[in-house]
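Place chain B on chain A using the hints.
Protein chains: 2
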Amino acid sequence: MPNNKIGGHYSQAYDEELQQAVDRLVDMGGLVLQQLRDSMAAFTTADVVLAKQVKKGDRQVNSFEVDIDEHCLDILARRQPAATDLRLVLSVLKSINDVERIGDQAKRIAKTLLKDEQGSRPSAEQLAELNGMSAKVQLMLQHALLAFQQIDADKALNVLREDKAIDDDYSRIMQQSLSAMMHDSQQISVSLQISNVAKALERVGDHSRNICQHAIFLSKGRNVAHLNDDELQQIVEKKRD
Amino acid sequence: MPNNKIGGHYSQAYDEELQQAVDRLVDMGGLVLQQLRDSMAAFTTADVVLAKQVKKGDRQVNSFEVDIDEHCLDILARRQPAATDLRLVLSVLKSINDVERIGDQAKRIAKTLLKDEQGSRPSAEQLAELNGMSAKVQLMLQHALLAFQQIDADKALNVLREDKAIDDDYSRIMQQSLSAMMHDSQQISVSLQISNVAKALERVGDHSRNICQHAIFLSKGRNVAHLNDDELQQIVEKKRD
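Top to bottom, those sequences are chains A and B.
Counting from 1, one number per residue, gives the positions in the first sequence under this note's numbering.
Counting from 1, one number per residue, gives the positions in the second sequence under this note's numbering.
Careful, some of the hints might be misleading.
For identical chains, the list gives no copy identity; a pair is met inside one copy or between any two copies.
[Said to hold, decoys possible] Here are the simulated DSS-like cross-link-like pairs (lysine-lysine), alpha carbons at most 25 Å apart as the crow flies:
hint : residue 1 : residue 2
1    : 199       : 111
2    : 238       : 199
3    : 155       : 5
4    : 164       : 199
5    : 199       : 56
6    : 199       : 55
7    : 55        : 5
Just so you know, the hints here were simulated from the structure itself, not pulled from any lab data.
If we strip away everything but chain A, and leave its shape as in the complex, we get:
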């Protein structure tokens, strides 16, 4: 999808190269989102075949990252971009790193099932809780990629704030699984599986948060990593006029 904030160079080929960097990032994000969905479906239904497919699919994610990385390096070397173009290339470079790590988390969820194939299974209630968290995480990732694609700092800030609800889910699930294993040692193996999946989902939330920060950097020209919500708000509102 072409973005009217990208382009306007004398060279149409250059415009296309920049647009392509963003498009490929979004495509890579779509692939990783599918990996995440599949890994949760596999874990939920104990589908070992699907889990193995996710594990194998991670290689595709990795080669996607290398391809985009090389595309961006090529732009930097040949076009020597400045200002917004430079920021665009750098934010894509940073974002693919986060997207690749989200892929690793999907693989981790798949491996949680594969490692414990014969083990006891979480209850329907526990699975529902994880899937509720996963739905939020998937939505956040989708929104983060959209905010990036649209170079929309306001949207990125709103999406970034979605991470709070995910962290709350994480704390609750971890607390429950800790207390389950404290009370019943039969629950240890299942509790560790659940903790592992919850931790993976929480990490996906963090990486989606990072993608939002890269979108804000792209839009506003300021590195906003490690800023608190008030500081972020100020930067996002500042240059709007």
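Just chain B now, kept in the frame of chain A:
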């Protein structure tokens, strides 16, 4: 420490800017290494004051990252580097991301103590095992930074291989703490503390591995993320002649 592989531009100021990027990365690495040492000392001796200091010190790591990030962006924007210079700036940008995440892991170790201040403590044997792993991890990080600073692909490949021993330590410690909690539910809380510290150290190994990959990219011009050992070996040997 000046590196004879960096520089040789008409502009001495430009040479100095590039060297400064590497020097600051190494300084940031030194700070993070100290954070890691302190976090392990705090965990080992249950030193709550030191753990709080590590937690607070992470802010300094974060602002270090932002400073270097801005320094690199400034070089990219003003100097429009090409070839090796471009690779140098990009590898520093990627490496500070890994170093910052190592800082997060030091904080995580400190927080493991702070969260469980009143809880039971690991045995002397368990602490010795973790400290053995930590010593390897610290050495690997030091070596990775040195390989980067010296732009030495051979050294980087050797350091990267040190990660295997760390992963082995990790698997063994995780196995032990799992079996400890399975056999005695009184051990659950301590086992979770140990798993958490071991996981943090294992992540530091992974990030040190990434720094080695960035050093190889810098030296050889090839993105080597996700390559296996044989492929890496080929690339490192290839352009040496």
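Can you give me the call for residue 164 and residue 199, within, between, both or neither, at a CA distance of at most 25 Å? both (14 Å within a copy, 24 Å between copies)
My question is about residue 55 and residue 5: at a cut-off of 25 Å on alpha-carbon distance, are they close within one copy, between copies, both, or neither? neither (37 Å within a copy, 40 Å between copies)
Copy assignment of residue 199 with residue 111, given that the CA separation must stay at most 25 Å: both (13 Å within a copy, 16 Å between copies)
Should residue 199 paired with residue 56 be assigned to within, between, both, or neither, using CA atoms and 25 Å as the limit? both (21 Å within a copy, 24 Å between copies)
Have a look at residue 238 and residue 199 and pick one of within, between, both or neither, based on CA distance no larger than 25 Å. For residue 238 and residue 199, neither the intra-copy (35 Å) nor the inter-copy (40 Å) Cα distance is at most 25 Å.
Given a CA cutoff of 25 Å, do residue 155 and residue 5 count as a within-copy pair, a between-copy pair, both, or neither? Only inside one copy: residue 155 and residue 5 sit 15 Å apart there, 44 Å across copies, limit 25 Å.
Can you tell me if residue 199 and residue 55 fall within 25 Å by alpha carbon in one copy, between copies, both or neither? Both, since 18 Å and 21 Å are each at most 25 Å.
In terms of the numbered hints stated before, the structure departs from hints 2 and 7, listed from lowest to highest.
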